[in-house]
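Chemist: What follows is the residue order along each chain.
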Amino acid sequence: MRNLRASIGKRIHRFWFRPVSAAGFGLMRIAFGVTTLINLSMEARNVERYFGPSGILPRDLVPSVLRQQWRFSLLDYVGAETTGYLYLILLACLVFVILGVGTRLMLLISLVLLYSFHEYGIILLDSGDSLLHLIGFILLLSPCNRTFTLKNLERKCQAIAAGKEVRPKKTPTMPIWPYRLLLWQMVLIYVSCAYAKMSGPTWFSGSAIAIAIHHGHFSRFPIAFTDWFTRFSPSIGYFTIFTQLGWALLIILPMFAWIGIRIPTGGLKRFLIFSGIIVHTGILVMMDVGTFSLAVFTAYFGLLLEEDFEAIKKWRTWIHSFKQEPLGLTVK
Amino acid sequence: MRSVLNRKHCKEWAIVTFCLWHMTAIALFVLPGDVLSDPVVARAKAITTPYVYSLTQWQYWNIFAPDPLQRSSTYRIDLLAEDGTWFPVHVIDYVSLPWNARAKEFKILENLEENWQGIVPSYLQTFCRTLSIPNGNRIRLMAVSFVLPAELEPLKHAAALELPMTERELGSTICNAP
Numbered sequence: 139m140r141n142l143r144a145s146i147g148k149r150i151h152r153f154w155f156r157p158v159s160a161a162g163f164g165l166m167r168i169a170f171g172v173t174t175l176i177n178l179s180m181e182a183r184n185v186e187r188y189f190g191p192s193g194i195l196p197r198d199l200v201p202s203v204l205r206q207q208w209r210f211s212l213l214d215y216v217g218a219e220t221t222g223y224l225y226l227i228l229l230a231c232l233v234f235v236i237l238g239v240g241t242r243l244m245l246l247i248s249l250v251l252l253y254s255f256h257e258y259g260i261i262l263l264d265s266g267d268s269l270l271h272l273i274g275f276i277l278l279l280s281p282c283n284r285t286f287t288l289k290n291l292e293r294k295c296q297a298i299a300a301g302k303e304v305r306p307k308k309t310p311t312m313p314i315w316p317y318r319l320l321l322w323q324m325v326l327i328y329v330s331c332a333y334a335k336m337s338g339p340t341w342f343s344g345s346a347i348a349i350a351i352h353h354g355h356f357s358r359f360p361i362a363f364t365d366w367f368t369r370f371s372p373s374i375g376y377f378t379i380f381t382q383l384g385w386a387l388l389i390i391l392p393m394f395a396w397i398g399i400r401i402p403t404g405g406l407k408r409f410l411i412f413s414g415i416i417v418h419t420g421i422l423v424m425m426d427v428g429t430f431s432l433a434v435f436t437a438y439f440g441l442l443l444e445e446d447f448e449a450i451k452k453w454r455t456w457i458h459s460f461k462q463e464p465l466g467l468t469v470k
Numbered sequence: 578m579r580s581v582l583n584r585k586h587c588k589e590w591a592i593v594t595f596c597l598w599h600m601t602a603i604a605l606f607v608l609p610g611d612v613l614s615d616p617v618v619a620r621a622k623a624i625t626t627p628y629v630y631s632l633t634q635w636q637y638w639n640i641f642a643p644d645p646l647q648r649s650s651t652y653r654i655d656l657l658a659e660d661g662t663w664f665p666v667h668v669i670d671y672v673s674l675p676w677n678a679r680a681k682e683f684k685i686l687e688n689l690e691e692n693w694q695g696i697v698p699s700y701l702q703t704f705c706r707t708l709s710i711p712n713g714n715r716i717r718l719m720a721v722s723f724v725l726p727a728e729l730e731p732l733k734h735a736a737a738l739e740l741p742m743t744e745r746e747l748g749s750t751i752c753n754a755p
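Sequences listed follow chains S and B, in order. Take the first sequence: its letters are residues 139 to 470, numbered as in this note's numbering. Take the second sequence: its letters are residues 578 to 755, numbered as in this note's numbering.
Derived from the structure by calculation, the hints contain no laboratory data. Quick reminder that beta carbons are idealized off the backbone N, C-alpha and C, glycines included. Treat the hints loosely; a few may be bogus.
[What the hints assert, rightly or not] Straight-line C-alpha distance at most 27 Å; calculated DSS-like pairs for lysine-lysine: (1) S/451 <-> S/294; (2) S/308 <-> S/294; (3) S/148 <-> S/308; (4) S/451 <-> S/308; (5) S/308 <-> B/585; (6) S/294 <-> S/452; (7) S/148 <-> B/588; (8) B/585 <-> S/148; (9) S/289 <-> S/302.
[Claimed, not checked] Restraint ranges, calculated between C-beta atoms of paired labels, are given here: (10) S/203 <-> B/754: 19 to 27 Å; (11) B/648 <-> S/337: 18 to 26 Å; (12) S/396 <-> B/592: 19 to 27 Å; (13) S/217 <-> B/734: 48 to 56 Å; (14) S/391 <-> B/736: 42 to 50 Å; (15) B/657 <-> S/239: 53 to 61 Å; (16) B/588 <-> S/339: 46 to 54 Å; (17) B/612 <-> S/447: 33 to 41 Å; (18) S/223 <-> B/586: 40 to 48 Å; (19) S/151 <-> B/617: 28 to 36 Å; (20) B/588 <-> S/404: 27 to 35 Å; (21) B/738 <-> S/449: 45 to 53 Å; (22) B/597 <-> S/217: 40 to 48 Å; (23) B/734 <-> S/290: 55 to 63 Å.
Build the full structure now, drawing on both the sequences and the hints.
Modeler: This is the structure in structure tokens:
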């Protein structure tokens, strides 16, 4: 009985605290900073108009328009000029987050400000904004400051300058639980998205993608091209729903380990991420829908573990081998 | 040594408890309405919702779902002339908006069209300033829309389609910029 308890305890501990490479979260921190900066730059010319007390949402309308319970925004209490300063402070903090300088504090300030802007400007929020503030929260909880920081880079540069050999150090690690939070978040996004799509007739009839790319607010291409592209709408639509539902397997399959059946999911995760990259790149290229695709790519960085970096290295070597030996022929 | 171990143990349990709480809270938040009809689930959601809202963890993932938006609109700002007729002073469409402001501006306009009509006047006030319309003039926001067909075949020849256009006034205001 004691053995069983110890074994379960060990499994629980391993599930939440197994050390994994911190590189994925380090990359996600940088991507979060860059994507949020890009996102905020879209609002740069309209900060006062979007968030100021006499902008689109005047201060006196806030109580009647926005929820009053469990909501906090610094912008409820400041004037137009201060709103502009807070926006600049947010930009500056994000630069520090990217560089990994004072990361925890800078992330905390960034998030308080970002949430303040999001809670005030709900009317202009899109899915990209939502995903960014969710990623930011997980980053704040995680030790995302262990890799890819300015300090590490400085140390490397100093060693090179002093003529010391820079040996590739073992990547710093972190406990796996922030990864688990992120994976759960992504699974929820994809599965709830797929579930919502399955209740709409256009996804089943195959016209959903065609409608989206023909829409006057989003379409980047001339109508002649979108008309031609419509032939691919059913297959892309079904592929999208299929891969979105596939994310649920990343939660379901590992559960079999509790009954002694181990099903590795690393390959499936990489396939889903790769599919996601294709779908979201397609959205980014064809449609003007803000930074959602970039925010998703940001989250994908955090989902990379050692095994995924190894797989990427293998793919690179494989692709490189084709470059060196075209068509498998070597010239002697 | 023992107290250090205990502290570590407590910290780890706190982390696991928090993770489970957070995962449950956001899962309950995104659950579809039909699942929430279960009283136990509804009660659990009521308990976790304050946490989700307080930490800005709210999220709605109905992107292009259940169906993509079929109504496509361009927007127009009209000024009321002294003789009582409206004439257009500004058009808001894909071409007139700067590339980096399109997504945000259309998001606002879609929301104004759907369920935020109450703030159309303040939205228009910001145009009184940018379009330099003198105070005391009345302006209105018009949505000129067509509905994309839901079937695949007509969309293959959308360029040749003549879709019926409708005009709708979203709201109006009298310019009173300070």
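Chemist: Please flag the earlier hints that this structure goes against, numbers listed from lowest up.
Modeler: none
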